[in-house]
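Top line first, the protein sequences correspond to chains U and G.
For the first sequence, numbering that gives the first Met the number 0 puts the final residue at 349, and the numbers step up evenly by one.
For the second sequence, numbering that gives the first Met the number 0 puts the final residue at 186, and the numbers step up evenly by one.
Derived by calculation from the structure, the hints in this document are not laboratory data.
As the structure is a prediction and not an experimental result, all values here were calculated from the model.
Among the clues, some could well be false.
To give a feel for the contact side, a few chain U residues facing chain G, derived at Cβ under 8 Å [to be verified]:
1) 184
2) 186
3) 188
4) 189
5) 190
6) 235
7) 251
In silico SDA-like links for lysine to any residue, alpha-carbon gap of 20 Å or less [as the list claims (entries may be wrong)]:
8) 33/G x 228/U
9) 33/G x 267/U
10) 180/G x 183/U
11) 180/G x 168/U
12) 175/U x 293/U
13) 51/G x 95/G
14) 180/G x 282/U
15) 51/G x 183/U
16) 180/G x 343/U
17) 51/G x 257/U
18) 165/G x 134/G
19) 180/G x 288/U
20) 165/G x 12/G
21) 180/G x 286/U
22) 33/G x 235/U
23) 33/G x 230/U
24) 180/G x 175/U
25) 33/G x 232/U
Positions of the beta carbon are idealized from the N, C-alpha and C atoms, including for glycine.
The chain contents come next:
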Amino acid sequence: MTIDVFAPDQAPARTDLPFLRHRGRPRPAPAAAPPAPAAAPPAPRPAGLDLSSPAPAASASGSASLDLSTPAPAARASGSASLDLSSPAPAARASGSASLDLSSPAPAARASGSASLDLSSPAPAARASGSASLDLSTPAPAATPAGNPAARSARRRPARPLPRARSGERTLLTPKAPTITLTRLQSGIGVLAIEAACSASVGDLRIGAAYQLADGHSSLVSRSGGIAAGPRDSRRPVILARAEQYERLLIDLRQNRQLERLVVFAFSESDRQLNWGGTLVTSTAGGARVELPLERPASAGVMVLLSIYNVHGEFVVRAEMETIPGPIRAAVGAYGFDRISWLDDRTPVA
Amino acid sequence: MATMKRGSNVALTREIPSLTGLVLGVRWETGPEKALADNLVVATILCDEHSKALSDEHFVFFNQLSEPSMTVSQLERAMGSDAEQVEVQLDAVPAEVSRIVVVLYLNEGMGLRRSLGQLRECVLRVLNSDGNAELVRSENLAAGLDGETAMTLGEVYRHQGDWKFKVIGEGYSTGVAGLAKDYGITL
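Using the sequences plus the hints, can you model the full thing?
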């Protein structure tokens, strides 16, 4: 693919820097916006579904239908659909940005039912593809922190006063405060333990992690996949997958310089639907606990729970909570882990 | 080359008035025990007159190679045969720093039970940073250790306008957590 530096709106989206997608200032949604989501079922990602049933969407609100008919490139030019991968689903892109884009006043003429024609056909295709659906499932948390006044004022302050995890205390990651930064000591002493405290009522939940090391090696750890260490055959693994009362991952912080990034995901061992619940607890050697509630409507597929980026020796821990209707391969692919060679959709070669 | 026993001290700047910088070198011999060597960590703590760390940023180790005044810095790669080296710019150390304590601990938690008692040798050396000549070295501090997982090796401290060096060699069975508690550091 060639990249034209003079046409940034044509550039393929970066999928390897998922944290960037939350940096855009969202456009304020006009009053007309609410009806569109309201017409949809309460599921968090109605867009794709919605579009395939044209009649309600068109009748629900003028502006919503206007927008949906907006051709995909226009939607992307507005800058809201940051996440949108170079994926082959124009319909998905248009719909993904719809909620943010409503403020762009499109001429009424365009409303005329073209939306239903246009969008209903590609929608199923979009749903079939794992990466496209990433877009649709972009959860509310992604948009809310930026829109939150507190977050906005925080952005004006110098970069330093970051939310910190206090040793011996618990911190809750929420949609409004999804990120916490560990200190250099918290990121460099002992181990970082990530544990999925989930009862049997959730289902056969398993966790795993995709990671990337400083030497370029990238792969998965997951007990259920039979890969209990990362790198798998290393004499000195950076990450271990263990199970005691719950499934847990251990990161050796003596080797924290080796770890560039990691995403933790959860899935059903038997590919069934999971009744999400419980808490993902990340704890440091000094007893700081970062808790992420796993409350979501029941769904199948893989949920990316948490990402950890090593930013110059400080681990930035972020709640992702993104459901991806596809196999593990699609889920970690959506987070830019594109250097893993796969044996099948849930097992890497090395 | 003088070898110092635990508890002994030497007046560095009185003996060598021209001394402006030090290198504190730690070397160890672990034998075939690879997992032990992999998990040893040297840290340097800048303390006030009450032997408490000035702040968590005054804990210098591999993930925080220097402190706010930049006068005490750990080298990413030690020169010579030391496993780790820490450079101290003695004449620029801020006045509120009374002690510069060198510690050694085992990073624990990955399920490998190790202790400093498995060390065959552990020596703290003091070098003149101008020319890297060794001034003094401690005795083998590994002798007499058993189940300890952390140890205070020695310290450079202010005394009547001079900098002195003292060999300590006190072990902790509570690891880095015990060290952190003693020096007032939040892990």
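- Task: Hint by hint, work out which the structure violates, then give me just those numbers in ascending order.
- Result: 9, 16, 17, 24
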